[in-house]
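Here's the letter readout for the chains.
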Amino acid sequence: MKPLLEARALSVHFPVRGTSMSGDSRLLRAVDGVDIEIGAGETLGIVGESGCGKTTLGRAILRLLEPTGGSIRFDGMDVTRATGAALAPLRKSVQAVFQDPFGSLNPRMRVSDIIGEPLRNLGWPRPRISARVAEVMEIVGLPPEYASRHPHAFSGGQRQRIGIARALAPSPRLIVCDEAVSALDVSIQAQILNLLKDIQRDFGVAYLFVSHNLAVVRHLSHRVAVMYLGRIVELCDEGRLYTAPLHPYTTALLSAVPEPDPERPNRPVVLEGDLPSPIDPPPGCTFHTRCPVAKPDCRATAPALREIEPGRFVRCHFPGSFRQAEVTS
Amino acid sequence: MTAALELSRLSVSFPGQPDRLRVIEGIDLAVGPGEVVGLVGESGSGKSVTALAAMRLLPSVARIDAGAVHLGGRDIVGASRQELLRIRGAEIAMIFQEPMTSLNPLFRAGFQIGETLEVHLGLSRAEARRRAIELMRAVGIPAPEVRVDDYPHQLSGGMRQRVMIAMAMACRPKVLIADEPTTALDVTIQAQILQLMRRLREESGMGILLITHDLGVVAGMADRVVVMYAGMVMEEAPVRSLYAMPHHPYSRLLLKAIPRVRERADRLNQIAGTTPPASRFPSGCRFHPRCPDAIDRCRMELPPLETMPDGRKSRCWRTGEAGLPSMST
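Read top to bottom, the protein sequences are chains A and B.
Here this note's numbering is used: position 259 in the first sequence is 259, and no number is missing along the way.
Here this note's numbering is used: position 87 in the second sequence is 416, and no number is missing along the way.
Chain A on its own, in the form it takes in the complex (with noise of 0.2 angstroms):
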């Protein structure tokens, strides 16, 4: 079966000036060589730490910034450098949530307005967009007298919702969520996770799901991405990952979270030191100033993502030679 979204060797890297010795523009390599596949319906978890390239990867995707590299396919049409009207099914089709409900609504507009916005950019006649935002608004648990009010006058999960309602207007295949719940409390954003798995079950949506948040990202997704510097160093199904993970960043990560339970705390791998530089990666595998386990070979040479296992992806020497049974035990 064809993916709904394919990208291959997706990069985006941007010029920084002045930032060599010699004065010389240099390249922040935020997204290098990103391959993914999203299925119809499905959930792909995009999951790491600031400075990873995630929100950037999930804008390259929404064309909402120019990929400087690689190619992205949608329901099978290359889109990558595509303009105009060759544009409009993407622009239908592909929706995004983002993570501050306060920035990313206009103030100024109803939420009738803010919800029927992508409509009228597609054309829609008025009648049909009152209906259809009438209907969103149901869908997502919002009072129809919500309709004519401005968005200040709503918590933060409310506005999560009108933010909702927007991307599922135009019935998209694909909804961009970045950072959608992390601004919300830990009850609203239960509310928000069981409203996105609900519009999944209901309507077949797909989701790439971004997020720093790794226990959110297990209970939304069906495959999971792990992105250190701009690649991807993991990628293979939840339970796989979040329970036998081969990378030791993927390990490393997963033993930080701390688990809401004194009676079994986590045991952090603490790593030593900061993210490097995306604009001066270390040689070779770019974790290996930070991984527990690096071996001369790290440093020389840049490991590939193999297939170790049938749909399981691991861009490292020696997967699996760190274990989450060492750090749990």
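Just so you know, the hints here were simulated from the structure itself, not pulled from any lab data.
Every residue gets a Cβ at the ideal spot worked out from N, C-alpha and C, and that includes glycine.
Wrong hints could be hidden among the right ones.
Said to hold, decoys possible - Simulated DEER-style distance windows between Cβ atoms:
(1) A:Pro-283 <-> B:Asp-478: 37 to 45 angstroms
(2) A:Arg-201 <-> B:Ala-601: 19 to 27 angstroms
(3) B:Glu-474 <-> A:Leu-27: 27 to 35 angstroms
(4) A:Arg-17 <-> B:Arg-415: 44 to 52 angstroms
(5) A:Gly-41 <-> B:Val-406: 56 to 64 angstroms
(6) A:Asp-280 <-> B:Arg-528: 29 to 37 angstroms
As the list claims (entries may be wrong) - Covered by chain A, per the in silico footprint, the following chain B stretches (three or more residues, Cβ under 8 angstroms):
(7) 415-423
(8) 566-574
Knowing the structure of chain A, use the given hints to seat chain B on it.
Just chain B now, with coordinates in the frame of chain A:
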């Protein structure tokens, strides 16, 4: 044993229309020497106002309406500005969520650490600098002899938080208030900072009031937990018994709403509705509109924070009853 910090019946109000808004009401809370007390709650629960009141750092429009803040046995609610300047930094110190906004961008890191020592201990500039380097080493900043002359923007987020901690620790305060100290940090950096805070607690014997929305962080750090909701303490218990058997329906539902990294639940338990703002705190028990266990009495009468035979406290008319709706999964 006298508490290092004790708040009793503390109430704080802010200007509002038509009446002042009571944002926290009758807060009772104590931190013993060497003890870590976790203060948890969602946005608007009043946990940060509680912390600022304990430091006497409330904005000038805020008013302490009632209650006491005992620091080492003495009430500082009536303390003068002069006295407060002597106390803050020396006896009680605070670290905040965003170290970039709490550090002065115009001064070198080492100077900002040393300043406290010059003010409180009368050290010379040179002595303060030497001591700042020692403190930077103690909080795990590599090459402190070099870093001492860095400006805050030259440091990473994790390093800035270490500088904040070094500043707070400089005069060996008896109490440290940490307001969301790791919320802005990546998970691997969070693990480093939490490990550092645990070590400093062991070495210094200071009491820590750890304010966070993250029930995972609390589980791994706190000895005792105070749960706040809508400006009031709802429950207080030793950390293990709280997580094993929460008494208050709010704590119970909150714990069930968290997605876990170790297991994948099909659906999360969600708490209906939203947290009320101070202008709309409900009558009776403030949690009753969202509580599945609520009975008529909860709507009419505010339950007291009752101490149970095992020393735990819960603010609920139905504490001790079996088979409540909030207990089912």
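Checklist entry - In ascending order, which of the hints set out earlier in this document are inconsistent with the structure? => result 1, 7
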